[in-house]
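*Asks:* Here UniProt numbering is used: the first residue of the sequence shown is 1, the next is one more, and so on.
No wet-lab data here; the hints were simulated from the structure.
Watch out, some of these pointers could steer you wrong.
DSBU-like cross-link-like pairs, simulated, lysine-lysine; straight-line CA separation at most 35 Å [claimed, not checked]:
{"hint": "1", "residue 1": "322", "residue 2": "171"}
{"hint": "2", "residue 1": "166", "residue 2": "131"}
{"hint": "3", "residue 1": "131", "residue 2": "171"}
{"hint": "4", "residue 1": "456", "residue 2": "322"}
{"hint": "5", "residue 1": "277", "residue 2": "322"}
{"hint": "6", "residue 1": "349", "residue 2": "456"}
{"hint": "7", "residue 1": "277", "residue 2": "131"}
{"hint": "8", "residue 1": "349", "residue 2": "322"}
Pairwise CB distance ranges (calculated) [stated by the list, open to error]:
{"hint": "9", "residue 1": "313", "residue 2": "160", "range": "16 to 26 Å"}
{"hint": "10", "residue 1": "104", "residue 2": "230", "range": "46 to 56 Å"}
{"hint": "11", "residue 1": "156", "residue 2": "307", "range": "26 to 36 Å"}
{"hint": "12", "residue 1": "327", "residue 2": "67", "range": "43 to 53 Å"}
{"hint": "13", "residue 1": "363", "residue 2": "425", "range": "21 to 31 Å"}
Note that the Cβ used here is the ideal one computed from N, Cα and C, for glycine as well.
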Amino acid sequence: LDAIESSLSEVKELLKSHLSNNRSMTGDPVNEMPRTSSNLNPRKDSQATMHVPSEKDISATTDIQPAPITVVRHVGSLITEPVTTGENDSLRGNMTEMGLDSDNFASVFQHGFDQISSWYPFPHETLTDLKQNHPLLFAMCLLAGIRATAGLNRTNLHITLHSLVKTHLGKKALDTPIDISTIHAMLIFSAWSFGPLVPGGRYIDSWLMSSTTITHCMLSFPLSELVSLVGLYDETSRNMCRMWIQASLVHLKYAIGTGRPSVVPCERLHQWTEIVKYPGFETFDQIIAAELKLYIHLYEAIYHTGSSVPEAWEMVNGWGRKYLGEGNNILRWAHSCASLILSRWELAKQNQVMSPDSLMRNEHINVLTETVIRHAQLVLREILVLCTADTAFVRPSYDYLLTAYAGVTLAEYCSSISDVHATYTLMEDVRTQARIPRSIEGVFSWATNVVQKKAKDFLDSKMAVVPEDTFYSYQGSVADWAPFRFIDSMPASDWDGMNGSMQQF
């Protein structure tokens with residue numbers, strides 16, 4: 001007891017000394033975080049007990065900001081061990097009961113791991129480490145593998161595991177702070193769609209999920225310290241920087257994609273795109289940072305009212321001149337998506353500001369429409385470059401949403417397409433490629449059918465009789481061209497063509 005009272009007295013005096021300095025807080029909440037190393041460690045299952053703060057704990061206290069709630073909670077963490085519920089053990093036990101940790105699922109686990117790690121590298125060295133010590137990430141890899149395996153996708157096992165992971169993530173979302181592996185799992189769940197494609201299935205709002213991921217990064221990472229290290233990064237700090245940059249990119253994509261605001265001001269993200277130039281970061285990190293820079297430009301162009309259209313295009317095209325010369329497919333894909341979004345934004349903006357009766361307006365709108373069509377076609381060509389029949393599933397959900405966006409754009413403006421036959425052929429190639437993993441949005445198939453009908457109508461107008469035109473009677477195509485009826489029936493419809501109707505579970 002004497003030792004405890006003595007230590008508490010020391011803490012009290014240190015806090016008094018610290019608060020008397022009246023240091024003002026600078027920057028924004030993203031960069032001003034408590035620099036407490038204890039916040040980065042996962043909690044251990046234990047009963048709440050009193051303990052004597054170590055010298056390391058006391059020294060950490062002197063570095064905290066004078067935010068009242070932070071002060072109270074930090075001092076409380078020094079004198080009381082945290083209590084946790086053993087959720088990781090529970091998740092591991094559930095997967096064991098389901099037989100998912102057996103050797104029978106080793107190849108499924110490996111397949112899922114390879115898919116995810118090719119885009120968001122794991123901060124862990126071995127698959128064994130992932131399986132034994134990070135059950136949530138292990139479950140994510142299993143979901144990815146199951147989702148891409150025809151015999152397992154949409155089975156009861158898939159549905160049960162997906163529900164289990166959602167429940168576990170929901171609990172973790174209310175826990176603070178959380179360890180980096182849990183944040184990584186949240187990031188993966190934000191970026192990919194691993195759920196079963198079932199009739200009436202609901203989307204998980206990736207903007208909300210990525211917002212939650214970003215917020216947990218703010219709570220768990222010492223961001224102000226990381227951004228000021230100026231190259232002095234160890235492996236742990238590099239992994240935190242990677243996670244923050246990747247989470248910021250995913251969140252900005254869904255902020256732009258849904259028309260909602262970013263939870264992080266873009267001006268605070270610019271500095272993070274330069275961190276990857278320091279030793280220890282890899283080429284992949286530089287690619288992600290470059291893509292983040294592009295989406296920062298795009299977000300600022302669309303959401304900052306002071307930006308003009310020429311300025312917006314100059315930022316995006318300037319980025320292209322800097323990065324596209326390297327011949328990287330990922331960056332070329334990113335630029336094509338950004339250009340499509342920006343061209344549609346420009347068209348919508350011109351429709352609002354120009355008089356509808358102006359001849360000049362009509363000519364200008366026609367030019368902009370042609371630009372939109374060209375960028376939509378480019379997006380489809382680029383997705384064919386990135387994906388083959390074997391790797392089509394290995395894409396984050398955003399990429400397939402943008403592919404569907406390009407398809408809907410072409411359906412919307414199909415009357416203005418100069419070569420509707422070639423456009424339909426391009427769309428059919430994308431649809432055919434996506435059929436096996438069922439990775440693309442169902443609405444893309446509706447858009448393809450709309451353009452198909454336009455191509456057939458054009459051909460019929462040129463020929464009095466079209467004998468057995470099998471090219472345009474693509475097997476499995478939907479005859480009902482009403483968009484809302486087709487989309488409503490999409491989960492159970494035969495949009496995947498020759499494989500037959502999707503069996504309900």
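*Asks:* Going through the numbered hints above, which ones does this structure break? Give me the numbers in ascending order.
*Replies:* As far as the earlier hints go, 1, 4, 9 and 11 are violated by this structure, in ascending order.
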